[in-house]
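Dock chain L against the given chain S, drawing on the hints supplied.
What follows is each chain in one-letter form.
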Amino acid sequence: MSGNYDYKLVSNNISDLRLGLLCSIVFHFTCLLIVVLGFPQLLVPLEISEPVIVEIAQLSEKSQQITSSEPKLPDSTVEPEQAPKPSEPVPTPKPSEPEQPIPVPTPKPSEPEQPIPVPTPKPPKLTPANGSDNLSKMINKLRDNTKSNTSKMENSGNLSEQASMSDKDFIAAQFRKCWSFDPGSKDINNLVVQIHVLLNKDGSVTHVDIVEDPRYHSDNFYRSATDSARRAVLTCSPINLPSGKYEALKDLILRFDPRDIVR
Amino acid sequence: MKFIFFKNLCFVAISGMFVMPVYAQVQIDINKPNIHPMPIAITRFINTTNQGNQTCKNVPDVISADLERSGLFKPIDSKAFIQTIESLQNQPNFPDWKVINAQALVNGQISSTQDGQIRVEFNLWDVFAENQMLKQSYTTTTNGCRRIAHIIADAIYTRITGETGYFDTQIIYVSETGSQLKRIKRLALMDQDGENHNFLTQPQELVLTPRFSPTAREVTYLSFFRNNPQVYLLHLNSGRRELLGNFPGMTFAPRFSPDGNKMTMSLAKNGNTNIYEMDLKTRNITRLTDNKWINTGPSYAPDGKKIVFESDRSGSQQLYVMNIDGSEQTRISFGSGRYATPVWSPRGDLIAFTKHKDREFFIGVMRSDGSGERLLAKGYLVEGPSWAPNGRVLAFCRQTKSPSSQSKLFSVDLTGFNEKQIITPLDGSDPAWSPLIP
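So the protein sequences, as listed, match chains S and L. If you read the first sequence in the numbering used here, its first letter stands for residue 13, the second for the next number, and so on. If you read the second sequence in the numbering used here, its first letter stands for residue 69, the second for the next number, and so on.
Next up, chain S with everything else stripped away, as it sits in the complex (with noise of 0.2 Å):
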């Protein structure tokens, strides 16, 4: 008995959600064509957005002129467009210039590698003495082994090369070790000392010298803290260098802070 009355009980259940199905299609449907033929100003932006883009390209290279000359574009669409740009320039300021030389060198249109010269408009005019192709050609050729060579430093070299927070952190942790200070000297707020170091590829010190400051001669308190902090750089020497990072710090500028210690 049990058994009949569990099937009579599926069977309704299905033929339930087959009915719950259909009527879900039949309103999902409904509500996509009302979207689409009820609200069909959604569907304008599109159009809009492509020649925003564009000019923005232009702007970022020229801003200070074309600002005052364009107010008419919208900030909501300037703002996000203006983020990606800006990363191009700044690993190396030098790639920016060559930009000016690009019309020069269009007098023959044969070098299909130019993209950007189409728009000038007065490049015979331009052409100067003999040789300039050759020129214009050395300098495209210069042209391109900079990006090529920009392209691998971002890639892969410069970057690490940089010194980093961590980096300087490393180098103070040892100088530090070696730094020993009066903290029962006078006035000690106003003794801090900068040195100025060199260093080899081992980490040795190669050259120190202080930091010009006239109160080396005048202040006896200054004198000490001066050649306390020079003897912390030559008794440490030689230092560990983070790995890669030789050219980065062998030109060194220590600012000696005794000031924590009677913090």
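No lab work stands behind these hints, which were simulated from the structure alone. From a predicted model like this one, the values you see are computed outputs, not experimental measurements. Each residue gets a CB set at the ideal place from its N, CA and C atoms; glycine is no exception. A portion of the hints provided could be inaccurate.
These stretches of chain S come out as covered by chain L in the derived footprint (C-beta under 8 Å, 3 or more residues) [said to hold, decoys possible]:
#1 175-188
#2 231-239
#3 259-266
Derived DEER-like restraints, expressed as beta-carbon distance ranges [as the list claims (entries may be wrong)]:
#4 ASN212/S with ALA148/L: 50 to 60 Å
#5 ASP371/L with TYR228/S: 21 to 31 Å
#6 ASN158/L with ASP199/S: 11 to 21 Å
#7 ASP225/S with ARG435/L: 18 to 28 Å
#8 GLU428/L with ASP263/S: 52 to 62 Å
#9 ASP426/L with ASP181/S: 40 to 50 Å
#10 ILE222/S with GLU310/L: 48 to 58 Å
Chain L in isolation, oriented as in the chain S frame:
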């Protein structure tokens, strides 16, 4: 050809500009220095005198002891030296001294002069910078060797720390002996390292509060002879003593002005104790405080323009500062507990004091406006701080509990480190540190 060469040259130069990365100087901040005494090698001095090789033999030892006692230097055992003293006379072999981590090196020689005196010459070297920091010589008699050593220690201390030295100084104090009921108190004078100890007064005379004049050759003190308190001025070179005044009532805590022309003290009259100033030439007396409370323990600022003193006018002993004419009396101590015996630092930046709080005594310092209070020493009874002439070290008295009650002298650096006992033959109290001896 030339043009092509020029082009190629330009190309190489320009491409070099593009390809080579440019690295700027990197600035690195280094802070939180260590507080370690400086390792220093002080060698035996070469002796070429006619009087024999024992003359002034102890000079390097005295220099070494002075510097070590300051807590800022750590003399290296001579057994560790690699370079011989003889070869050192020509030129230090710096690697030999770097190996034993000597940061400074002292060598010298002792010779005779034509007039029979002794000439002591020394060099101070910066081992790691490999340069000479100091070279000086002094002439003295045989008796003056120990003092020459103190002077050399001062020169080294000054060159390396920037502070004026304090080793060529003396300490005067009250030497105590006998039972508490029948205590004998005499004036005693010694070098700051405890050597050359002398008693200056007789046992029948009870003395208190000795203080040096700015010249270090006169001392004022309070004497009770037959229950009659009087202030005396003692000339140390001649031993002559003169009465400064027979003041009515009780007299306390006389102290010289920085120029040595005046003296300030407190007098008890009619139940009130006030502060007075006396011109030592004219002996005219000016009253600086005028109230019904106890005002005592005056001490001049090093510029002579202000006086710090203690007063109970607020209900408990506290420190006050006033102008030299007694105007603008301002309270500067506001911590819990009672403050007494203020002494203005010769540097001018700090005031040392005795503090009593929770059944304990402390020696402390605060800035002249009352801020930055720091406690340097504590004990069952510590009191009577006195500054070394460079304002860097304090001498004070520490008394232990009875029945084995003992009173001893100690010194402590103003940082609170390096507390050391000053050895005296008997008990001692109320120390006063002299200026540098002229």
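### Query
Tell me, which hint numbers fail for this structure?
As far as the earlier hints go, 4, 6 are violated by this structure, in ascending order.
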